[in-house]
Each structure stands twice: as C-alpha cells, then as structure tokens.
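Kindly generate the complete structure, drawing on both the sequences and the hints.
Respectively, the protein sequence lines represent chains A and B. For the first sequence, counting from 1, position 213 maps to 213 in this note's numbering; every step adds exactly one. For the second sequence, counting from 1, position 101 maps to 101 in this note's numbering; every step adds exactly one.
Be aware that a few hints might be false.
Because identical chains share one entry, a pair is satisfied inside a single copy or across any pair of copies.
Once the Cα atoms are required to be at most 27 Å apart in a straight line, the calculated DSSO-like pairs of lysine-lysine come out as [as the list claims (entries may be wrong)]: (1) K133 <-> K6; (2) K6 <-> K106; (3) K222 <-> K82; (4) K106 <-> K82; (5) K6 <-> K57; (6) K133 <-> K82; (7) K6 <-> K24; (8) K106 <-> K21; (9) K222 <-> K57; (10) K6 <-> K222.
Calculated from the structure, these hints are not laboratory results.
Number of protein chains: 2
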Amino acid sequence: MTVALKLAYKGTAYCGWQVQKNAKSVQETLQDAMEAVFGFRCPVTGCSRTDAGVHAKGFVCKAEGVPDGIPVSRIPEALGTKLPHDIAVTEAWEVSEDFHPRYGAKGKRYCYYIRNARVRDPFTHETSALWQKPIDATACDAICAQLVGTHDFRSFMASGSDIVDTVRTVREFSCRREGETVIFSVSADGFLYNMVRILVGTVLDIHDGTLRQSAREVLDAKDRTHAGRTMPANGLCLEEVFY
Amino acid sequence: MTVALKLAYKGTAYCGWQVQKNAKSVQETLQDAMEAVFGFRCPVTGCSRTDAGVHAKGFVCKAEGVPDGIPVSRIPEALGTKLPHDIAVTEAWEVSEDFHPRYGAKGKRYCYYIRNARVRDPFTHETSALWQKPIDATACDAICAQLVGTHDFRSFMASGSDIVDTVRTVREFSCRREGETVIFSVSADGFLYNMVRILVGTVLDIHDGTLRQSAREVLDAKDRTHAGRTMPANGLCLEEVFY
Numbered sequence: 001m002t003v004a005l006k007l008a009y010k011g012t013a014y015c016g017w018q019v020q021k022n023a024k025s026v027q028e029t030l031q032d033a034m035e036a037v038f039g040f041r042c043p044v045t046g047c048s049r050t051d052a053g054v055h056a057k058g059f060v061c062k063a064e065g066v067p068d069g070i071p072v073s074r075i076p077e078a079l080g081t082k083l084p085h086d087i088a089v090t091e092a093w094e095v096s097e098d099f100h101p102r103y104g105a106k107g108k109r110y111c112y113y114i115r116n117a118r119v120r121d122p123f124t125h126e127t128s129a130l131w132q133k134p135i136d137a138t139a140c141d142a143i144c145a146q147l148v149g150t151h152d153f154r155s156f157m158a159s160g161s162d163i164v165d166t167v168r169t170v171r172e173f174s175c176r177r178e179g180e181t182v183i184f185s186v187s188a189d190g191f192l193y194n195m196v197r198i199l200v201g202t203v204l205d206i207h208d209g210t211l212r213q214s215a216r217e218v219l220d221a222k223d224r225t226h227a228g229r230t231m232p233a234n235g236l237c238l239e240e241v242f243y
Numbered sequence: 001m002t003v004a005l006k007l008a009y010k011g012t013a014y015c016g017w018q019v020q021k022n023a024k025s026v027q028e029t030l031q032d033a034m035e036a037v038f039g040f041r042c043p044v045t046g047c048s049r050t051d052a053g054v055h056a057k058g059f060v061c062k063a064e065g066v067p068d069g070i071p072v073s074r075i076p077e078a079l080g081t082k083l084p085h086d087i088a089v090t091e092a093w094e095v096s097e098d099f100h101p102r103y104g105a106k107g108k109r110y111c112y113y114i115r116n117a118r119v120r121d122p123f124t125h126e127t128s129a130l131w132q133k134p135i136d137a138t139a140c141d142a143i144c145a146q147l148v149g150t151h152d153f154r155s156f157m158a159s160g161s162d163i164v165d166t167v168r169t170v171r172e173f174s175c176r177r178e179g180e181t182v183i184f185s186v187s188a189d190g191f192l193y194n195m196v197r198i199l200v201g202t203v204l205d206i207h208d209g210t211l212r213q214s215a216r217e218v219l220d221a222k223d224r225t226h227a228g229r230t231m232p233a234n235g236l237c238l239e240e241v242f243y
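Here you go:
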C-alpha cells in the first residue's frame with residue numbers, strides 16, 4: 001500500500017531531507033528504518049527539500065510498497081523503534097498511489113525562531129538563531145505585513161537559483177514575541193530558495209536600520225542585492241503542509 | 001575577586017558537574033573557558049554535583065581569583081565566546097570570599113520533565129523522559145502532596161549511599177500538565193542521592209498501579225525496595241538554588 005507519513009525532525013545532524021552522497025539525509029535515515037521494520041526499502045518522496053540544519057514539525061512524505069499486513073495506525077511507533085532520536089513519525093495514513101506530497105500541496109507554513117537575548121540558551125541553541133540587539137516584535141510585524149499578498153519575490157531568492165517564475169502568494173507573514181523568543185510565521189503557496197531566511201533577515205535589517213529601504217522598496221527592486229541578510233538555517237522549521 | 005556565576009547547561013554530553021578522569025565535566029569545561037578569557041585557571045566550587053545527563057537552568061558556582069579588571073556584568077558574554085553551545089553563564093555577581101554555593105544554600109528546586117505521548121519528540125528528547133501510558137497529572141499531584149513536609153526520606157535514596165541523616169524537608173512537590181508535557185516540581189532544603197528521580201518514579205508507579213502502596217506507606221517503610229523506579233537522568237533539571 002501507499003502511505004503518507006508526517007515527520008518531525010531536528011535537522012542539526014542532517015544534510016537536509018534529500019539523499020546526498022557522503023552526507024546523512026533524513027530521507028535515507030527514514031528508508032533505513034523502514035527497511036529494518038518492513039523488510040523492504042520503500043521508495044520515499046518528500047514534500048520539499050529542506051536545507052542542512054533546517055527542522056520540521058510537519059514534514060509530509062509518501063512511502064510506496066509498504067506491506068499490507070501492517071496496521072497503518074501502528075506505523076509511527078513501529079518506525080520509532082528503529083529511528084534515531086532526532087526523527088519521529090508522528091502520523092501515518094493510507095493514500096492513493098497518485099498522491100504527491102510536493103505537487104499536491106496547496107501551501108506550506110514555516111516558522112523562524114529567534115532567541116532575542118544577550119546570552120545563548122543551551123536548550124534552544126540548535127533550534128533558534130541568536131539576535132542580541134532588542135527586537136520590537138510589533139514593529140517587525142508591521143514590516144512583515146507589507147509583504148503579504150501575490151508578488152514577484154525575486155529579491156528574496158538566493159542568487160544562483162534558476163527558477164523562472166518567482167511570483168508567489170504569501171498568505172500570512174507575522175512576527176510575535178513569547179518571552180525571550182521572537183517567532184516569525186510565514187505561509188505561502190510556495191517558496192523560492194532561501195526565501196524565508198531572506199524575508200526574516202530583511203525585516204530584521206530594516207527594523208535595525210541596517211537596511212535603509214522599506215520592505216515594499218526591496219520587493220519592487222526585484223533584485224537580491226536590495227534585500228537583507230540570509231538568516232542561519234538553525235532557526236527555520238517547516239511547521240505545516242496544506243493539501 | 002570572588003564571583004558567583006549562574007549557569008544553564010544541557011547535561012547530555014557531560015559526566016555531570018564534577019571533574020572526573022576520562023570524562024568531560026561541566027566544571028572542567030567552564031574552567032577551560034575561564035582560562036582562555038581570564039588567562040588564569042580559577043578554582044571553581046559548585047552548588048551540587050549533578051549526575052551525568054542531568055540539566056540545569058540555575059546552577060550556582062563560585063569562581064576565585066577572577067582578575068579585578070573585568071567588569072562583572074560583562075563576564076557572562078565574555079565566557080560565552082569560549083564556552084560550547086550547551087553551557088551558558090546567565091548571571092555573574094561579586095561575592096565575599098566566604099560565600100559557599102553548596103553549604104550556603106537554603107534549598108534547591110528541581111523539575112522533572114516527562115513527555116507523555118505514544119511517540120518521541122525530536123525537539124525535547126534530550127530534556128525529557130518519554131512515558132507512553134496516559135498520566136493523570138491531577139491524580140499524581142495528590143500523590144505528591146502526601147510527601148510534602150519534614151520526613152525521613154530513606155526510601156527515596158539510591159542504595160549504596162552512605163549518608164546517615166536522611167531527614168529532609170520537602171517544601172513543595174507538585175505535578176502539572178502543559179500539553180503533552182507533564183512537569184513535576186520539587187523544592188527541598190536538601191536532596192538525597194537520586195531522590196528526585198526516585199520520588200517521581202514512585203509517584204508514577206503508584207499512579208499506574210505498578211506499585212500497590214500509598215506514598216505514605218513507601219515513606220514509612222524507610223527502605224528503598226518499597227519505592228518505585230529511578231527515572232532516567234535526561235528528564236531532570238536543577239531549576240533554582242535558594243540562598
């Protein structure tokens with residue numbers, strides 16, 4: 001049978017989702033666990049490539065050829081016995097063969113986590129970026145709001161990408177504070193390469209005064225050199241995929 | 001000058017606070033950072049030994065011979081540049097030479113974190129213990145309440161310990177749920193070896209029906225064999241030290 005799996009993983013130790021030579025990927029690690037549990041190395045398709053060090057709470061993938069004898073509801077725990085501690089299968093459900101976790105997705109939501117304090121926190125260091133200067137989350141939220149909508153997001157795409165159609169619809173882009181943590185949330189129908197990390201870096205650079213342009217001016221320039229820094233991978237997390 | 005430091009650390013990679021041969025301790029790692037920053041290997045005294053894998057948010061230690069030229073308020077950030085990511089100095093203040101972080105403490109508070117779910121969570125795996133059967137936190141809280149007060153806690157001390165006076169005053173012992181996390185909080189004037197881990201294991205075993213005795217009966221037995229399991233180290237965290 002064909003099964004969809006929802007995964008949560010801490011990406012610190014991985015080169016990303018996608019199988020790569022000479023590096024440990026989440027995909028390969030999941031396939032190893034499946035082979036150990038099912039006795040068969042299932043082909044697996046993911047909802048996106050995530051970069052090295054990026055995390056996921058709701059990554060969706062499809063596994064083909066899962067033996068029919070296994071109750072779907074027991075798959076998360078069964079795979080849990082063979083997966084390392086930084087990857088968990090949180091849900092499993094049967095899907096039709098033509099389900100495609102990537103092309104079938106209507107959109108995705110990412111969060112970017114920032115620890116806003118002078119000193120690092122040992123407990124969240126791997127899953128948030130440190131930003132030492134005070135952040136006014138309300139002011140950042142107003143900057144984020146300027147970027148919501150259907151726009152050409154070329155300015156927010158890593159240079160070197162060969163994507164031609166750079167128009168995307170950002171449905172939500174917000175910023176809020178929870179104690180010493182500042183959380184950016186972005187949902188869109190699709191994302192360009194490094195888009196969330198550049199969006200957040202640009203908002204912070206405008207807020208800081210490092211970048212003396214408005215978010216709309218950066219957007220209208222359609223040029224990566226007008227945008228702000230690319231934030232590090234460790235603060236980024238794929239939260240949800242919408243179907 | 002003599003300086004008190006408050007530390008937060010994720011204990012996963014350490015043999016505990018105390019210097020040991022052939023194992024990396026928090027104490028030694030802190031002394032290495034001090035030597036790099038101060039140019040002098042300061043003698044350091046901790047508020048307690050923590051076991052291998054146990055965490056701390058408010059561990060207090062004393063460092064002697066810190067050079068006078070350094071503003072105390074800048075010590076946390078200065079040491080942060082040389083400490084690994086799993087240890088942070090969160091506060092520093094000058095103390096008199098006779099300050100003793102261990103003997104001067106009026107009490108300590110620990111929390112024990114449990115993830116109560118069928119499947120592990122990659123993001124909290126190192127800092128909480130997994131308990132798959134449903135926990136009724138309100139029922140556990142009522143069991144905890146039976147152990148508050150001044151009692152002989154011999155039943156809750158790891159066997160092999162040579163402590164003679166096993167009377168301690170537990171000021172607070174409570175249990176609450178926050179989503180899929182169940183948190184036990186214990187504050188006392190002092191703790192016997194493995195006491196928190198055995199207290200929590202006993203409450204859970206009574207709640208589960210694995211142990212068919214009341215908490216008071218276990219207490220009154222003054223015998224380790226009457227108590228429940230010793231919970232694993234990874235869920236335990238030293239939260240605060242009171243002076």
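Taking the hints in turn, this is what the structure says about them:
1. Proximity of K133 and K6 under a CA criterion of 27 Å is satisfied inter-copy only: 22 Å between copies versus 36 Å inside one chain copy.
2. Proximity of K6 and K106 under a CA criterion of 27 Å is satisfied intra-copy only: 16 Å inside one chain copy versus 48 Å between copies.
3. In this assembly of identical chains, K222 and K82 lie within 27 Å of each other by CA distance neither inside one copy nor across copies; the values are 46 Å within and 41 Å between.
4. Taking the closest pair of Cα atoms, K106 and K82 never come within 27 Å of each other, the shortest separation being 32 Å inside a single copy and 45 Å across copies.
5. Taking identical chains as interchangeable, the C-alpha atoms of K6 and K57 lie at most 27 Å apart only when both belong to the same chain, with a minimum of 8 Å there against 32 Å between chains.
6. Taking the shortest Cα distances, K133 and K82 sit within 27 Å of each other only across copies (20 Å), while inside one copy they are farther apart (42 Å).
7. In this assembly of identical chains, K6 and K24 lie within 27 Å of each other by CA distance solely inside one copy; the values are 20 Å within and 37 Å between copies.
8. Taking CA atoms no more than 27 Å apart as the test, K106 paired with K21 passes in neither setting, with 31 Å inside one copy and 56 Å between copies.
9. Proximity of K222 and K57 under a CA criterion of 27 Å is satisfied in neither setting, with 31 Å inside one chain copy and 46 Å between copies.
10. Proximity of K6 and K222 under a CA criterion of 27 Å is satisfied in neither setting, with 35 Å inside one chain copy and 48 Å between copies.
In summary, the numbered hints that this structure violates are 3, 4, 8, 9, 10.
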